Amino acid sequence: MKEGFFRPREYHRPNNLQEATWLLSSFGKKARLIAGGTDLLVDKPSEVECLIDVASLDLDYIRRDGDGITIGAATTLDLIERSQMFSAGPYVVLSEAASNMATPTVRNMATIGGNICNASPAADLPLALMVLDSTVKIYGLGGSRVLPIGVFFEDVNRTALNEDELLVEVHIPPSPASTGASFLKLRRHQTAIDLAVVNVAAKLTCSDNFCEDARIALGAVAKRPIYAEKAKRLLTGKGLDGKLIQEAAEVASQETKSIDDVRASAQYRRRMVAVLVERALKLSVTRCGT
Amino acid sequence: MTKRDISICVNGKWYELAVEPYETLLDVLRDRLGHTGTKSGCAKGECGACTVNIDGKAILSCLTLAVQVDGKEILTIEGLHKGAEPHPLQEAFVKQAAVQCGYCTPGMIMNAKALLNHNSNPSEKEVRKTLSSNLCRCTGYERPVKAILEAATIMRGKDER
Amino acid sequence: MKDRLSVVGKSVRRIDALDKVTGRAKYCIDLKVDDMLHAKLLRSPYPHARVTKIDTTRAENHPRIRAIATIDEVPRVVGYWWNLRTEKAMKRMYLQDNVVRFRGDPVLGVAADDEESAQEALSLIDVEYEELPALFDPIEAMKEDHLKIHEGGNIAIHVAKKFGDVDQGFKQADYVFENRFVTSKQKHASIEPIGTAIADYGRSGRLTVYTSTQLPHWSRIYLAGALGLPVNRVRVIKPYTGGAFGGRCGLIHGLEVMCCFLSRKAGRPVKMSFSREEDFEATEARHPFIIELKTGVTKDGILTANSIKLILDVGGYGTHYIGVLADALSTGVGLYRCPNVTFEGYCVYTNKSLNGAFRGYGNPQMNFAQESQMDMIAEKLAMDPVEFRVKNYRGLGEIDPVFDVPIRSDGMKDCLAKGAKKFGWNKKRTRKVDEGTKRRGVGMSCLQHGTGARFGLPDPASAIVMLNADGSANLLTAAADDGQGNRTVLAQIAAEELGIPLEQISVSDTDTDVAPLDGGTHGSRQTYCGGLAVKRAAADAKMALLRFASQHLNVEEKSLEIKDGVVYDVKDRSTNIRVGDLMRKVQIEDLSRCEQIIGYASGVAPAMPPTFGAHFAEVEVDMETGEVYVVKLVGAFDVGRAINPANVEGQIIGGEAMGIGYALTEGLIIDNGKIVNNNFTDYRILRACDVPQIDAIIVESNEPTGPFGAKGIGEATMVGTAAAIANAIYDAIGVRMKELCITQEKILEAIDRGARASGV
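Chains as they are written, first to last, in the numbering used here: chain L, 1 to 290; chain Y, 291 to 451; chain B, 452 to 1211.
Hint data in this document are derived by calculation from the structure and do not stem from the laboratory.
Don't take every hint at face value.
What the hints assert, rightly or not - So the derived list for chain Y, only partly shown, Cβ under 8 Å to chain B, looks like this:
#1 299
#2 301
#3 302
#4 305
#5 312
#6 323
#7 326
#8 332
#9 334
#10 343
#11 344
#12 374
#13 383
#14 385
#15 390
#16 395
Quick caveat, the model's predicted, so the values are computed rather than measured.
No residue lacks a Cβ here, since even glycine has one placed at the ideal position from N, Cα and C.
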């Protein structure tokens, strides 16, 4: 192997999950799955020796049944953006997140599985999936297991996947009636395509402005996407008004651990979390009726 | 194992190639096949200069490995015109003065081609959204957007006839 | 005259567009030369260090490595064509030592059979550095006596100029405005990365260099000097170029000269291409300025004194700084009538990537400060900013104080009036559309930008027009077309002057072996300077042609005209002959003649006419996030005459878009000498969905010295955009933004400041 170069020697197209997981386990850290390539081929990590293409695993699907919606890990973002399944109810939060990601051409290529497994702290899609209480199905040598997406992310670019495991699909459970959700993303100004300075997803279940349940997920303000748990607790079981929403937004911003980077300072991010959470909650309230 | 045999169809012609797993489609098109109309602007999927069509979809060839497109049909800027006659998109770009330095142009045109494949009558907003995948430093995008809208009109007219 | 023109003034198709849209156009990055090697640079990991030892033994044993050239043998070119005037000055422009002055400064180059081997070789070379303390802040660097980035000290140049008596001027003033402005380090970000060249040092001592340069002929002379070759033995060929904007206005640091040395050593052609990251980190950018501006004005809006202090951050090596400073001076002093001015400028070295030429040169920086200041003054005086400009700008017949020449064409009032009308200035100024957390604001600015570099720099232009046996013509010109379309414009001028159809003109490749001396594509000069040379050369050919026609038709020369490829007698149109028929006789049929008509012109343009312009911007600011979106822009420019209106509009809209970036999103961020936003994800240029409605207005004032009345346009288009946007932001939020680029965080801080100041 040549130092410093992306020079995988092997390329495999496993025909089933067993083959894939066997390859993953035998190459360990030197193996990488490839789907859209839009993260892997940007980073081009030099330690990779074996590429495992998920193309022939038939993981590109969006299915709905009584139990909710299931999305195959290799489903591309443009399909999620355009799917009828995410055009109404709280599920719009997912198409909103998808349509806010990267450029349209990248969205033709990038997959939901790749976006989740890349585990970027600023990723958009995970926030939408988090507020929808999604679970991820993981397949490995020991069979499959299911995890709530909230615990899947562990650190910057690190997930709960073991070396032999891959993400197979994402499942979104049905939401109760009168639930509304929204996704908001703050970018650097004058651009519609950018990584998030701060991104927020919110979901509220409420009737007559009484909040029965709430979810708030925050991006780009910690080493991984996080839930604003305190803010959620503050809202749940209360009648919603402007003051309470504002208070919850403030509380949410206190739950972050922002850093400075090229896009913004930590201080600005913290302040913007409050602005975005307030806006996302208000928008979600208006969507509860629909 | 290192090199893999693949066959790809570029602009209607099939090529049998042995490629390394890490070779990008962009490098294969440019360095091996001499199809330099597909440009490299950043090699990180940011600028869109390397856009080609695969299965009618716009794809970034810098973020696609050649091994991934084994057996696929690829359309590049060089395959768009019919004989001496330019494609309506190419004609519209010339007519509308949508070309300045021209380096981003092939990527823009290939992206527009994919858009028109599934949406023959896009709005200006839709064109702008699609074209957002392509960075251009010369034009401010005004005239490329016009050119694509004009090409769409001309292509619809041709289909009707 | 306008009605009589056949092809000038028409938006003809570009002569190269079909090649570009079909993917046939070859850019430097697309070229291959038989047997060529591939080179890579080893770049300094330190912002400031002395290279004490280079051990290449391990690399030399690599079977695919063909040549290595190190910092102690390859000179850097640190100057520009100003330096070519004397042998002594020229010598000063080659710097050869073992010090690296910014992170990414080349230490050595390696040529190998393939790019990968070259890259691999870099890890086999051991370099020892003695790290030196680094200076990043120009103010600190100015004060520093001991730590010198260059032998002569950290101040590359200090310029002071005085007009009138400023002390007296400030005494006469009713109000004095004093402000400090800071501008950012903008990158050209052409879509073809800067930094591809192929050098072929032939065995017979002929050097051929393919490079996307704006300056084929100056580059030829620079290279001859660097390699110790007579100029005739160097050939520079410029293929299609993927945008330049000043970024290719000279040899590229570490590129062409290195390729030449490696080629000479290896005895084979050598190609090198910088990556996008290398382009961002190690090629020239726009000079950041610190500007201290003090302006005195009377109650009735007459400027009495202006004191301008500039500090330019040059970076690790200086190329264009003198010119950039001079440009800031000429616009700072030239735009407005003000009898008493002092101007002081310092160009200071720092251990950061070098800065050079960039669309507008020093004008966008200076204009941002000046036009912000003018906005403040107009507000204080309760004058409409447009009226205030009309009252004070220096116009037709007035003398430019810097160059001491009269202004012969002036469309400023038209730019202001037409721009304001199209924008809806009066209505928008009074009508505020505030929704929720959003605040709207409008702002404007104006500018002038000289065409070419006639006063102060060598500024030649040349052209050869050769008529062929069928009446068609070949135009030989080295005027580099980086995408502006000047080859098309020059063809239009040749066709118009000769009276033949545009299709009958072929424009040569940009090749110093083929086309005569040209001062390069910079300073918005090719339509004007290049155009004048082409017009003169075409007129020269036409004169010879008419001489033959006169003999043939037996009609006096002065009553002959050529139109649509036919020479005819103006008194009797039935007396005529096709140019093709005439040329066949002259060139082939008449055995006693058999000569080709060749028209020729070379020299400088008579003037440096200012292009005038005005920008109008409307913005929407989110008071909670600080985000600003430009929702509408109008740019009106006086180009003398638009030879190709579509091209002019293309320049205006593209320049305005670049100007929005300069105002709001663009600026290299440097942390401890390292450029951290070295890619298009982190460095934001506008995308199609980001560009607002931009209206381009062309004003034609007919410059008497210009070809068919034309003057320049390219650079002017972005000169005042930032100020117009900053002024609009002020209108929206009530706080001045004095630092570029204006990020949303800075705006939010300003809103907070404003709120505190007003006690809210």
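Going through the hints against the structure:
1. 299: Because about 17 Å separates residue 299 of chain Y from the closest Cβ in chain B, which is outside the 8 Å limit, the hint is violated.
2. 301: violated (10 Å)
3. 302: violated (15 Å)
4. 305: The hint is violated - residue 305 of chain Y has no Cβ within 8 Å of chain B, the shortest such distance being about 17 Å.
5. 312: violated (10 Å)
6. 323: With a minimum Cβ separation of about 12 Å from chain B (threshold 8 Å), the hint on residue 323 of chain Y is violated.
7. 326: Interface hint status for residue 326 of chain Y: holds (4 Å vs cutoff 8 Å).
8. 332: holds (4 Å)
9. 334: holds (6 Å)
10. 343: With a closest approach of 13 Å, the residue 343 of chain Y hint is violated.
11. 344: violated (17 Å)
12. 374: violated (10 Å)
13. 383: Nearest chain B Cβ about 5 Å off; hint holds.
14. 385: holds (7 Å)
15. 390: Since the shortest Cβ distance to chain B is 4 Å, the answer is holds.
16. 395: holds (5 Å)
Figure legend: structure checked against the earlier numbered hints; hints not met, in rising order: 1, 2, 3, 4, 5, 6, 10, 11, 12.
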